[in-house]
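Take the sequences, apply the hints, and build the full model.
Chains as they are written, first to last, in our numbering: chain W, 1053 to 1420; chain Z, 530 to 918; chain G, 1202 to 1462.
No incorrect hints appear here.
Chain W regions said to be covered by chain G (calculated; three or more residues, Cβ under 8 Å):
| no. | segment |
| --- | --- |
| 1 | 1174-1186 |
| 2 | 1194-1203 |
| 3 | 1401-1412 |
Hints in this document: simulated from the structure, not taken from any laboratory. Each residue gets a CB set at the ideal place from its N, CA and C atoms; glycine is no exception.
What follows is each chain in one-letter form.
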Amino acid sequence: MAEYNSMDTAAFKGVWVFCEQREGLPQTISYQLLSEGRKLANDLGVELVGVILGSELNEDYVKALGGYGADRVLYADHPLLKDYTTDAYTKVLCDLVQEKKPEIVLIGATNLGRDLGPRCAARLHTGLTADCTHLDVDVEKYKNFLKTTSTIDVDNTKFEENTNLKMTRPAFGGHLMATIICPRFRPQMSTVRPGVMQTQEYDEAAAERCVVEKVPVALSAEDIDVEIVEIKKSAKKLVDLIGADVVVAVGRGISADPEKGIALAEELAGVLGGVVGASRAVTDAGWLSVDHQVGQTGKTVHPRIYVALGISGAIQHLAGMQDSETIISVNKNEAAPIFEASTYGIVGDLFKVVPELIKEIKTLKGMA
Amino acid sequence: MDFTLSKEQQMAQKMYREFAENEVKPLAKMVDAEEYFPKETVAKMGKLGMMGIYFPQEVGGSGGDVLSYAMAVEEMSRVCGTTGVVLSAHTSLCAAPIFENGTPDQKAKYLPKLCSGEWLGAFGLTEPGAGTDAQGQQTRAKEVGDNWVLNGSKIFITNAGFADVFIIIAVTDEVLDKRGRKQKLCSAFIVERTDPGFKVGKPEDKMGIRGSSTCELIMEDCTIPKDRLLGVRGKGFQLAMATLDGGRIGIAAQALGIAEGALDETVAYVKERKQFGRAIAAFQNTQFELAEMKARVDAAKYLVYAAAMKKQQAMNGAKVRYSVEAAEAKLIASRTASDVTRRCVQLFGGYGYTRDYPIERMMRDAKITEIYEGTSEVQMMVISGAMLK
Amino acid sequence: MKAIVCVKQVPDTQGKVAVKPDGTMDRSKMATITNPDDLNALEAALKLKDETGCEVVVVTMGPPPAEGMLRELMARGADRGVLVSGREFGGSDTFATSQILAAAVNKIGVGPEDVVFCGRQAIDGDTAQVGPQIAEKLHLPQVTYAANIKKEGNTLTVKRMLEDGYMTLKVNTPCLITCIKELNEPRYMSIPGIYSCYAKPLEVYDYEALKDDPLIETDTIGLKGSPTNVYKSFSPPVKGAGMMVESVGQLVGILNDKHLI
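In structure tokens, the structure reads:
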């Protein structure tokens, strides 16, 4: 093998998606990334490759990655890849990249992906952009994106005409958006948070066409410095914010009586058929566990209805919920920024408004 | 006078604010409502070196300075008047006189544990029939063999219910003055809570600083070893007065903190509260009230900080007294606290009168600063006494 | 034995954010704080110091005023500080930053019993990349998202948080751990700490001090050594304000009309 040179950009081709699996199950983030990767691969006219590492995975699951867009799946099957370890996964993924030279590698910004991505980028001597919310290779598409999401005068701005990956992410706690490029090195690496990209419809025929290629794995126990003692699933069922149809989120406004505030949110979520979310202030204070957190450092949601109770609407929070279809906010400060992002707003004390709201909805639905 | 805070003082102030916000403020309402003595907070303050801020590290202190101590009382009081006075009485009225007057053995025995917060300190001068008045003192100490035996009682003693070490002033001698009248001479003693014959009475039910433990002390043949005499025999009243000079800086800082805390709450409230379709902050009456209160609070702050810096000079060995500065600081800061909290309640309107907001608590807490460790009238006696000397 | 803690001074994005006319953040107008996760990293190191008496070294890359932060961390209990500062280091992305910090950690020296602690991520970038990248450059095993750490001899047992549970991992020193909020409650500065922190040693590593490390090349540090660069930056759009409704009844009526409930 010729010496690997990450600056020889012309030698790199194809879009890769690292498909994360846990306990043998591909994670939904993998499907989201494949769907996004499909678009990029189409724009570039190249192959989309799913890369999955594991041990004795169900072949149907592996093949199914094709149904979400992969033309080909590289499957590294080895007992030492059963569960994630930084050392084994970094070695196998980096070896594959060095051998096959993809131009783009997408990784889910999960707790595992954010462990793997930077380690690989450092080893491969290339750039990595974390937590991207939008990806483009095509300049025209990027311009159209800017037209709807920025105040930049796109038509009078010069853009370099090339197919570098334009990776857009919130910066500074979401106060600013930045588009990052990695022009001199390959692969261009990016992590994407779960829930940001939409999963495409499963395509049966595409799954059939997908080629699964088992790749040889050069790995031994000596390569791994960290020993897994146990893996435990949380006993408490975590709230599924990302898939929720309705999210009722609480913010600092509940501080007068956090318990009551949360109970009210739960009751409202109950009548609307939703789940309870929270702003960072609430999870930082320990009133709700971190899995409830919506925002730049929490989860990105786009439910049908998002109800913000006592949330001021810091941009860090808006970053996680502003794409919700209908946003309803209750805040006693009429100047709260949340109202700027809301479809409907009520100025008032949530401890007074919410019980009334619950009562009215119940009456309407004949639940009272 | 240079009021620029040193790097260390700025850092300490930042730490006090974080501590007050996270550890003290969340308890303040409960401390007041349930007359709860914040002993957990005292333990935390001890661990962080806040119970002996300005004493040198050699005696177990934190190696800080008097202004840093005053700022600690200020910042605690900003969110909880009770916590402020616990810190002030302990430091100024118990640890300080031991540090300033104690024998090497006394310092070694008491200061490390007082500074670490393992022991809490208190001070007993006031009696049912006497405040800042030596001749009115009824508590007596007699030499019996190798011991002192104390009899009498003290009232309104801050920290009493939880203190381990008490500085007690008692009459030990009587002499005749030039005109042949009997003069009582007092001495100071270190009394431990466990000493035989020493009892702490029932706590007072107070208007403010309700979590602080204010009790009577009863000494019935309270027997302590000879080496508990603090300072010079017969000079106990002077020791008490010098101690109160320091204490007044602490109380002035407490008053300052209460006033600042009331302003913090009020500024936040007037921006939120609406009347006639506008935030009440938009009304000129509100603006002028705030402006004047702020100016008065800052004026008080300069006096408090100046007094603390003067005491620091004395600590550093300069032959300076700071009685007048301390009295001025306490007089003005306590009046400011009472005035500002009362006006803040007014700005809050009806809500200010309810216990849903902390502002009425601050108004109740403020009043005591005009009374204890020498009333405002006593402060004026000190100040005018120096003028007319 | 040493615990080396990598820290970063960040603008307090929880407070008021100052924005320059060109849309970028005006750091000079914003209050700075120690990155919150880094305080958890320091606390983990100080706990180790409480147990073993090891030395705690804090290291940061930043402009000279970052010394103030290092002094505060010494007031919390760190024994000495290293400030990595130089014009050559400016403009570094996470890759180049980790090159420089890894060189600095090399200069401090990682012994066989030592542990390097980082915060999970900094609130100004939220990338969570520098910790793992330093580990890679130093060829150290890493454990990220640590929520519990126990040390027995040279073996650390670490609880590593996942979104849906946790893993328990064993790793030998030397290693690098990135810490999250759940790991511990950072201690306050202490008053004796505050009054002695300016007497503790603080070294400044500039380009000259680090240039002999193989990690430091003109094309691996600073703007020139950064693989990524900003292509465009812009303010996120502000959605037009929605409709303010006067009463709960009106709201429920609208929601019902639109078949939202």
